[in-house]
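Enquirer: Each chain, written out:
There are 2 protein chains.
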Amino acid sequence: MDHYEELKNICEGRITAAPAELCCYAADGSQIKGKPDYVVFPKTTDEVSQVLAYANKHLIPVTTRGAGTGLAGGAVPVRGGILLDMSQMNQILSIDINDIQVTVEPGLVADKLNETLKPYGFFFPPDPGSAATCTIGGQISSNASGMRCVKYGTTKNYVLDLEVVLADGTVIHTGTNCLKSSIGYDLSRLYVGSEGTLGVITKAVLKISPLPKFRKLIMISFPSPENAGLSVSRVFAAGVVPSACEILDKTSVSILTKLDPDVIFPRDGDVVLFEVDGSSKNAVDESAELLASACEEISSSILITDDPVKMKEIWDARRLLGAAVSKLDPTKTRIYVGEDLGVPIQKLPQMIAKVYEITNEIGITPMIYGHVGDGTVHVGLFIDVLDKDEWKKLDIAADRLHLAAIELGGTISSEHGIGAARGMYMEKQCGSAFGVMKAIKKTLDPNGILNPGKLGLS
Amino acid sequence: MDHYEELKNICEGRITAAPAELCCYAADGSQIKGKPDYVVFPKTTDEVSQVLAYANKHLIPVTTRGAGTGLAGGAVPVRGGILLDMSQMNQILSIDINDIQVTVEPGLVADKLNETLKPYGFFFPPDPGSAATCTIGGQISSNASGMRCVKYGTTKNYVLDLEVVLADGTVIHTGTNCLKSSIGYDLSRLYVGSEGTLGVITKAVLKISPLPKFRKLIMISFPSPENAGLSVSRVFAAGVVPSACEILDKTSVSILTKLDPDVIFPRDGDVVLFEVDGSSKNAVDESAELLASACEEISSSILITDDPVKMKEIWDARRLLGAAVSKLDPTKTRIYVGEDLGVPIQKLPQMIAKVYEITNEIGITPMIYGHVGDGTVHVGLFIDVLDKDEWKKLDIAADRLHLAAIELGGTISSEHGIGAARGMYMEKQCGSAFGVMKAIKKTLDPNGILNPGKLGLS
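From first to last, the protein sequence lines are chains E and V. Using the working numbering, the final residue of the first sequence is 479, and nothing's skipped along the way. Using the working numbering, the final residue of the second sequence is 479, and nothing's skipped along the way.
Hints are computed from structural coordinates only; laboratory data are not their basis. Some hints could be false.
It does not matter which identical chain is meant; a pair holds if it fits inside one copy or across any two.
Subject to a maximum C-alpha distance of 20 Å in a straight line, what follows is the list of computed PhoX-like cross-link-like pairs (lysine-lysine) [what the hints assert, rightly or not]:
1) K234 / K139
2) K234 / K172
3) K353 / K414
4) K172 / K228
5) K302 / K234
6) K459 / K449
7) K279 / K331
8) K54 / K409
9) K228 / K133
Just chain E, with the same shape it has in the complex (with noise of 0.2 Å):
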């Protein structure tokens, strides 16, 4: 059997094996690498589901892919196969203003929705760092978040229903239209976040939210990151719920200062970046000081600014802080492992401590940022990446950081997911639930031929 051919004749000749184009699909944004035999174009569900079918006749691993944004190396196929690659399903097949959602296709890229949607007055709430690129399947097979998801909650909170292709070619669909159905087994939100090892997702019907008319900023510098961590649970306790939180520690912010020595950033100590939007103007205005007061007895110097031009420069600055690491030391490159720890709110101090504690015992120097109204901590180490010692003191390090996360009641990955980066830890973090985890995957896809090597799980 010529499985190429096959292929071919399925997807009407948008197929290629050409090595240096099997190269371009050998990796995504983690250290992750393997290259496919075939990557597939597919353009409809029907094809998608042929592909599936015959793979799954003849064993063939099928990986899905996005746009390879990914920072776990869940759309890289590991053990070879068939690629899909989505980006020619990337269509917005309706705009539902009335019912209050969209219906698209999975290889639509994030920002091109939300284009879309603005000059109705609504948006796709969920934000990842990598919207600019980042396609919609993607999103929800890693249940993507972002800086907003605080207030707007993740990628789950938004699919109504998704069309998706079984292992063996079935087409099923996952929900409704309606915004609320209770239908038995929630097979939407088990498909968001299974990261392509359940079925390939070829439609998504979600819910979008009216855009908040009015937005303010307040950039607050604390003396120390525990007090940083600490002002998290105090604007909960005063009854704001901001719409971003993020965090920048005393290195971020001086990555930040090198790259533009006029930065609108205090220089000193640990910044928490905090918004609030919403409908009027005097609420977010009342939240805005309301929020400061609940952070002024801990904190160093406060910034309120609802001044557009000051808070595209504030926000374009922490969007460049993942790929801005090099100028603190431009031998050293950003290495994506340990990145995504996440706690409980309260336990932020204690892991912050913790990050440091371990990477200065090792040696490496960390730059911690992230979305902390979420308890999500990212840390970015970054090391020259020509001397190997430096490799196994990552690995150490990366290992360390999972570990400290999971004993804090934690989680070794807040939002980029488990991929092939992070299985290892799936035992210690899930316990039995893994499973029921590795029982589910079994059910559905019995062969094995989705995604296999990710999430531990084979």
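Place chain V on chain E using the hints.
Expert: For chain V alone, coordinates are given in the frame of chain E:
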């Protein structure tokens, strides 16, 4: 083997098989009946685990019951066996305001949780009509919602972690205490709404929300139920997310006026009660104005009030509605069948028209109310329960209503669940996805002991 004695040993004497007592467990708020053989009252997770391991070995059905307020027979032991009465596991185990969460046992009464949280300025938003008596475990098992969910979301949005006992007695944790976590399959969401068919919940970690400080009620009457339905889309399109959005058709209003001739309800049409809430008085005022103007063109009258006495009176009247229906005709009783339809918002006018058409043809008077902001259409059908012909009519009406909802792209249950009452529509509603549900059930409960006869699964 004497099951009674074995179970008695496990639960340290907390068991009954007295016929009169068993009868008390043979029903819920629906028409479904079924008597257990034993009722046990576990006090610990370990006892639940031992009961399940025993039942699994001896193939005895196990049905879990909170307060028995369900409306679809979910907690009714239709195949006999063991009934787990969870009411003695009813403690609030911890209140962690700084982590924005609580840990509770499943037998805790919902309102009790909110009374306890009130002094802290927080609340657990999902608010089914039965909140005064229903339990948190029941809320989770049925993904309960209610009036506020249009803004705050349903129970599933608030479950961070569940301790669950599986069919064989294994205890798992489905999540973490983190506000955000991305670690493989979302088992918490799989268990929410699974109606006791996949395991028994013994503990829950729930996210809570800051209590809004201000509320305002906007009562709007419309010349037709279609216009009332339309108002919802208009309000959302205006950028307002109301904290409640309840429709009461002309019949519902007439029932309330019969109950209390002075009740503050307009007599000139179908009514929608909107509420807006927030942490700022100005914001709430502005939202109320915006909402009112969005509806002005299509409405007959608008009343805006933040007078707490008036608001209480109006909401109390709304809450009485389900029970007060007998006032329309004292010889008739409301029966909960076909009562929980849902459709995409734009289809509300069509669904409402369809309810009138079907009930008119069959000769039953309907009352329509519900959370229209979510597309929920509660239909009250009432009959003379001594008249066999009326029962037949009722069954025909319910059947046609369910099918009509499916045809409109809607759902047979918006929030009450499937239980034993709606299982026969699952295949039609879910299509091939129902096969996935069956496969998951078979995997996690191979002997079929967990709440058999529910969700159409067995």
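Enquirer: Quick one: K459 to K449, C-alpha cut-off 20 Å, is that within a copy, between copies, both, or neither?
Expert: Answer is within; shortest intra-copy Cα gap is 14 Å, inter-copy 29 Å.
Enquirer: Please sort K234 with K139 into within, between, both or neither, judging by C-alpha distance up to 20 Å.
Expert: Only inside one copy: K234 and K139 sit 11 Å apart there, 30 Å across copies, limit 20 Å.
Enquirer: Can you tell me if K54 and K409 fall within 20 Å by alpha carbon in one copy, between copies, both or neither?
Expert: Close inside one copy (18 Å), not across copies (70 Å); limit 20 Å.
Enquirer: Reference check for the pair K172 and K228, CA-CA at most 20 Å: within, between, both, or neither?
Expert: both (15 Å within a copy, 13 Å between copies)
Enquirer: Please work out whether the CA atoms of K353 and K414 approach to 20 Å or closer within one copy, between two copies, in both situations, or in neither?
Expert: within (14 Å within a copy, 77 Å between copies)
Enquirer: One pair to classify: K302 and K234, alpha carbons no more than 20 Å apart. Within, between, both, or neither?
Expert: both (8 Å within a copy, 17 Å between copies)
Enquirer: Under a CA distance limit of 20 Å, which applies to K228 and K133: within one copy, between copies, both, or neither?
Expert: Within one copy, since 16 Å is at most 20 Å while 32 Å is not.
Enquirer: For K234 vs K172, is the C-alpha pair at or below 20 Å within one copy, between two copies, both, or neither?
Expert: both (15 Å within a copy, 17 Å between copies)
Enquirer: Measure nothing new, just compare the shortest in-copy and cross-copy C-alpha distances for K279 and K331 to 20 Å and report within, between, both or neither.
Expert: within (18 Å within a copy, 60 Å between copies)
The structure is consistent with each of the numbered hints, conforming to all of them.
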